[in-house]
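Protein chains in written order, with full-length UniProt numbering: chain A, 1 to 437; chain B, 1 to 437; chain C, 1 to 437; chain D, 1 to 437.
Be careful, since some hints might not be right.
For identical chains, the list gives no copy identity; a pair is met inside one copy or between any two copies.
Said to hold, decoys possible - The list that follows gives simulated cross-link-like pairs (lysine-lysine, DSBU-like), each with its CA atoms no further than 30 Å apart:
(1) K171 to K118
(2) K34 to K139
(3) K296 to K34
(4) K53 to K345
(5) K345 to K118
(6) K171 to K296
It should be emphasised that the hints constitute simulated quantities derived from the structure, not laboratory data.
Number of protein chains: 4
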Amino acid sequence: MTYMTNKTITDPCDLSFLNVFEELESSVRTYCRKFPVKFTKARNATLWDDTGKSYLDFLSCAGALNYGHNHPVLKSVLIDYLQSDGVTTSLDMHTSAKADFLETFNRQILRPRGLKYKIQFTGPTGTNAIEAALKVARKATGRSNVVAFTNGFHGMTLGSLALTANGEDRKSGGTGLSDTVRMPYYDYFGEGVDTVTYLDKIISDPAGGIDKPAAIVLETVQGEGGLNVASRRWLRDLSNFAKRENILLIVDEVQTGCGRTGSFFSFERASLEPDLVCLSKSIGGFGLPMAIVLIKSDLDTQNPGEHSGTFRGNNLAFICARHALDFWNDAAFVNHLENNIQILKDKLDHIARTHAQHGLLVKGLGLMKGVDVHDPLLARRIQNDMFAQGVILETCGPKNQIIKIMPPLTIEDDDLVRGLDILEQVITAQLRDMEKG
Amino acid sequence: MTYMTNKTITDPCDLSFLNVFEELESSVRTYCRKFPVKFTKARNATLWDDTGKSYLDFLSCAGALNYGHNHPVLKSVLIDYLQSDGVTTSLDMHTSAKADFLETFNRQILRPRGLKYKIQFTGPTGTNAIEAALKVARKATGRSNVVAFTNGFHGMTLGSLALTANGEDRKSGGTGLSDTVRMPYYDYFGEGVDTVTYLDKIISDPAGGIDKPAAIVLETVQGEGGLNVASRRWLRDLSNFAKRENILLIVDEVQTGCGRTGSFFSFERASLEPDLVCLSKSIGGFGLPMAIVLIKSDLDTQNPGEHSGTFRGNNLAFICARHALDFWNDAAFVNHLENNIQILKDKLDHIARTHAQHGLLVKGLGLMKGVDVHDPLLARRIQNDMFAQGVILETCGPKNQIIKIMPPLTIEDDDLVRGLDILEQVITAQLRDMEKG
Amino acid sequence: MTYMTNKTITDPCDLSFLNVFEELESSVRTYCRKFPVKFTKARNATLWDDTGKSYLDFLSCAGALNYGHNHPVLKSVLIDYLQSDGVTTSLDMHTSAKADFLETFNRQILRPRGLKYKIQFTGPTGTNAIEAALKVARKATGRSNVVAFTNGFHGMTLGSLALTANGEDRKSGGTGLSDTVRMPYYDYFGEGVDTVTYLDKIISDPAGGIDKPAAIVLETVQGEGGLNVASRRWLRDLSNFAKRENILLIVDEVQTGCGRTGSFFSFERASLEPDLVCLSKSIGGFGLPMAIVLIKSDLDTQNPGEHSGTFRGNNLAFICARHALDFWNDAAFVNHLENNIQILKDKLDHIARTHAQHGLLVKGLGLMKGVDVHDPLLARRIQNDMFAQGVILETCGPKNQIIKIMPPLTIEDDDLVRGLDILEQVITAQLRDMEKG
Amino acid sequence: MTYMTNKTITDPCDLSFLNVFEELESSVRTYCRKFPVKFTKARNATLWDDTGKSYLDFLSCAGALNYGHNHPVLKSVLIDYLQSDGVTTSLDMHTSAKADFLETFNRQILRPRGLKYKIQFTGPTGTNAIEAALKVARKATGRSNVVAFTNGFHGMTLGSLALTANGEDRKSGGTGLSDTVRMPYYDYFGEGVDTVTYLDKIISDPAGGIDKPAAIVLETVQGEGGLNVASRRWLRDLSNFAKRENILLIVDEVQTGCGRTGSFFSFERASLEPDLVCLSKSIGGFGLPMAIVLIKSDLDTQNPGEHSGTFRGNNLAFICARHALDFWNDAAFVNHLENNIQILKDKLDHIARTHAQHGLLVKGLGLMKGVDVHDPLLARRIQNDMFAQGVILETCGPKNQIIKIMPPLTIEDDDLVRGLDILEQVITAQLRDMEKG
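Here chain A stands alone, though its shape is the one from the complex (with noise of 0.2 Å):
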């Protein structure tokens, strides 16, 4: 018996199952009203609905997926673990599992690039990444003041939500979100205004009115924010002001790490060594909840128990990280990674190109690109063709005006080939249709 023989699930005509949803799923959900179909099965960056029609996946779970639906290693490695009664859970306490991702971690990942980090395991999602490294940068530094960046997006939870710019998202809080001062991101005057020294000059400044801070949060390429790209210049004077200040440096690599951009960390092309490094989504390899927070060792100074959470022993996820770590010394993942970069930009830069009267811009780094094509509607209208033609994508940006491509790293270039054609055609069509008005 598999699961998938479920008699609900494979009759066609049934749609009760989609009724539940409406009866019974708070108001709150809203991917599944851009996708209105039911997803039963998955393979690298394919999936089926319960109709059996298949989805090219541009989505990746925002990020959680890039290495694929259901990678055929990591599944084996999963069901031999759990076939020979491997602990599932188990809070902070030692097992196997997390030895082994541990070692594996410092021996694939950390030496490789001269990184020395200690790491925390956190309750198993990004915003309890971030939340873990404030407390730990608040009480290395004695300060409670943290800066945040226009245009960044680090969670929901309560002391996450407080950075997080969205307007809407912060409302959500229904509280006061303190502690947080907001900070030109590069490039946010646009031409010829250097930010960090704006940042630099009102810190520095005994009356520029900000309580000095206990670290920066940063992330190098915003994703939610609308894919920007921080320079690298940027990065690294935002880095030695940070250093020079004594502000730890906090990198959110929650969306931008475990290879999206490029590198196994999206901070490796600037060559900084953040004081902490938050990592969730792809870090657990095959979609299972999982976090973690890198710490430089001397502010590593918290007591036992001074954190907490249930789910912070995923083991499941563990097992599945270890071996996705070692893809990164596999040459054949990494040239497959390299190749998907270079077809995926040159198509952004051609399609921007042959739009040129538009003023379509190519967003983004890596396999984290997009098209900001300026106005929501048009975003709208594009990623519902997309999905009619079988594609899955999101828009972000602060108005949602920029289609976002985020497929996984191990997409078969086919793949990625096929949908990108299918996005030139949709764009085309829609600003055609945009024209005639």
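On the provided structure of chain A, position chains B, C and D as indicated by the hints.
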């Protein structure tokens, strides 16, 4: 190949795996310090370390393993699901696994109890569910203040932390914890003082100085706070007061839920109908991260996407969760649980009676009980001796002065009796030592 | 030329001056709505309006005129000072007037009571003094949380407002009021419940959920809150608890101070030695804005300029304040005060006894007393009738259900008796009307 | 008997009065440390100490003495009022003195400028007025966030302190300062960066991360912050932006108002019509504590009593205030002021030109000007030398690196020239010493 045949795990002389935690894991880890071994596999109430030594589990991952480790039914459906390439993770998109969970939860749990709720899937931890519930309550009422109780525990992210009472936990935030008012829990003043009357008076008083709250966040039995059991009368009075004043009642069932106190929801014994209910820990059945919030329809006012999070769609958990729900209509399961509850109650009462001169206090409800030995050092020594004899349990209460017994609901009665016999011996020996001085 | 000969004032037919308030003054004005006349001059307990009608003052500018209107001694020194071109205002520079005040305050007030304090001159209002005291306490302890009591009133600027209990007042802030914990005042639970015991328990409990406070802010008699008089025992228990826990005791003497309750400081009756004392209202003697904070030497840790404000050097107030202090060593003044207190007490007790069937409750202490008539509308009608008969007084309490009697300490006994006779008649008439229904 | 004949004051050998401050006054006192003498009397721009030595006053009580010390006209009406037993203090009851002030303020100040405001009398300090204005703005908009600028100063009570930029001031609060966003003031980035454009962009951006503010709190010339003068263009752009976004503009005229910058309101030069205006310091005319908030009618939405305070009815101040307003229609007064402004401007420009090689910067506007000497120690030495030569002035700016010249508006031109000549000599000598090294 199974994971367990991995050489580094099966060689009992190789201690390098223990070093890896010292070297690489953050200082904040805590349970592993009390149980300094490395666990590899587990079944129902038994854990094994990497030397093959077995342990009896009276901790159940702090309540996340009510159905024991690697329950064969759940393991089987999980492996089937994996083998069929079922969707692993899906944000808040529709999946067959989610539909099945929703439908089953409604049929097996809500409907038989006359309850009607919308279900919100949140980030898969208890604290995420609490944060989500606070957002719902604050939005629905337009108020921001929230009542929480002395000795309450509701999580460690900033929104939940404001509700949590423990001083060390609170300090960990490193920033202000606002918009929460602390009120005395049931019996906090001792005999004769009705704390609901106080709450009513101070909130009804136009100059009571308490801003009218959006919600009261309640554990009907306080887990971390010391196994304090609110009386039915008090619970009903509180609920009636909240209703009268149009203040929402949020019941935190993260630890008490899924049968831990004897019924699926702990609030059933007082016939409450909370406005919001938070479930996590054992809701996923198999120890997999999952959390939901139950919301009365008229309070389900959030916009699509108003709260979000990547891992809200942990389908592996949905699959296990759904099948675990069936247990609650299985007479054998329910009888077994009731029998276990009786065994635990009788034994703890016996221990307390035997050592009446030490004033040992039996606390808690269902399979969430313990013995208050009043002295944190004594409690710690008992915990250590239990571990030395192969039983894993934790302490709780404001000073960690309470021995907490929380085995899987599914523990074999032999195992339960055996563990409790060891507890009796350990307590007896420790008290004798203490008397000798 | 005297101001009073100004034509627009002496012409009783010219009502244009009343229009000016409607047209130009903000809607927030309130006392003038209850006493819709225009006052022009005043002496001791008598006010005159611009038509020449006189009024008996049982309000004393909410306690700022303990020595009556235009006390001839104070007026004389003030005019002399002005005529000599004495320094009017001086920031916190040294002036003769300030030196004289400091020396006299120490000699006449502190030394005879065995008290030793440093004196901080703050912005000249009660709320500025409270804000200043909070800063001192928070700095000296390194803690931020503060305890305030049910029905407490401490001012309307944001720091003080957080301490103030009245819900309408609190709402006026329009932003979060944090770092304050509300505790039940003396007798708030009624008989048999000792609220200091509760405070002690919840603060000593490591999981009580109350962050350890910097200070407790206390009125020994609650003015606005309803003339609630804490017992000596309770005050001493509170003080001892605070001392034991190293929590600072701030006594707010803004309304109770300068003899209002019978002794110069209201805390004298319980032999307290508060860590900080806030004085304003009558400290300036002549109704001139002035406020000071008394600080135990070891808590006087602020840097120069750490708190500031332009009008901290109101030398006209210092001159009057200094000479008013002499009254406290004048036996005639003290005897007169005691006699007035006795008259007030006897009359209110008599009124309550006479109408025992209505449960009238005599409240308060010294010359700060009142009658709780339980019904806000009744209280309002009594206030109106009193005004119609030429007596000015206010209501207080959470619902403004209490008639508050607060004449100048220096009121002639004839005037006091006359006003109280009117009160008796008014209450009697109103109760009779009520009975008739 | 006049106060000045008091023996302790007239005996120049008696230094005991100086000891009294050491012994009894709090460590927080600050101006007196820079001017360690005891002042006794004063007339216009001259102060005398108790030894009879005279000082030229270039400080004007931080702007509270725009009409000089003991202005004979104001003194005369004040003494007359006192002698007639005029009401001294009156909460917010109607008095003749208040009516007269209201009517005159409308006639002499508002109407000629085409302004229409309701007037709120607040606690008589600048910070109380700011707190009151914030309440009005937050209530009228239903928003809580407020924009304040780099280097802004708005007071030291908690609500105002959140707006104040100086780091030392901010720390003094000892608790969170929330609901304020700091924005760069005019020219804060230097040439070519328009900070209103930035403000507009970040607030209009749905993911700018700044919660929409209730109000912008503005000094058109920053006093404490360094005599920074916003350009007319910038002020108008800011005002237009605020209007467009329905954000209230609160102009803090506490220091700049009552003619300090040349016109009665400093905002007149940019033809602004602020939604709210805060006045204090010199509004009372004679150095007497008083503060008002001007409110556009449609924003005057507070309930009676929603903001309160005992000393809102300082009738002695009203009397002086009312007569000081007449000066503004007295051509001689206005001409004299303009002449003084020219003298000050010319002299400071001359000093800066003379020492061009030191980059001295003339800052400020009207009779609120200064010289930025860039070096705090140099500024302090200049201040000390000035005092040694009998001139009292203060420093300002984030590092106290600016010599601030703020004489009474009514200073005799001889005195002004004499003081400025001393300033030139002192600066020249100090710069020469510095060059010598």
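Exercise. Which hint numbers does the structure go against, in order from smallest to largest?
Worked result: 5
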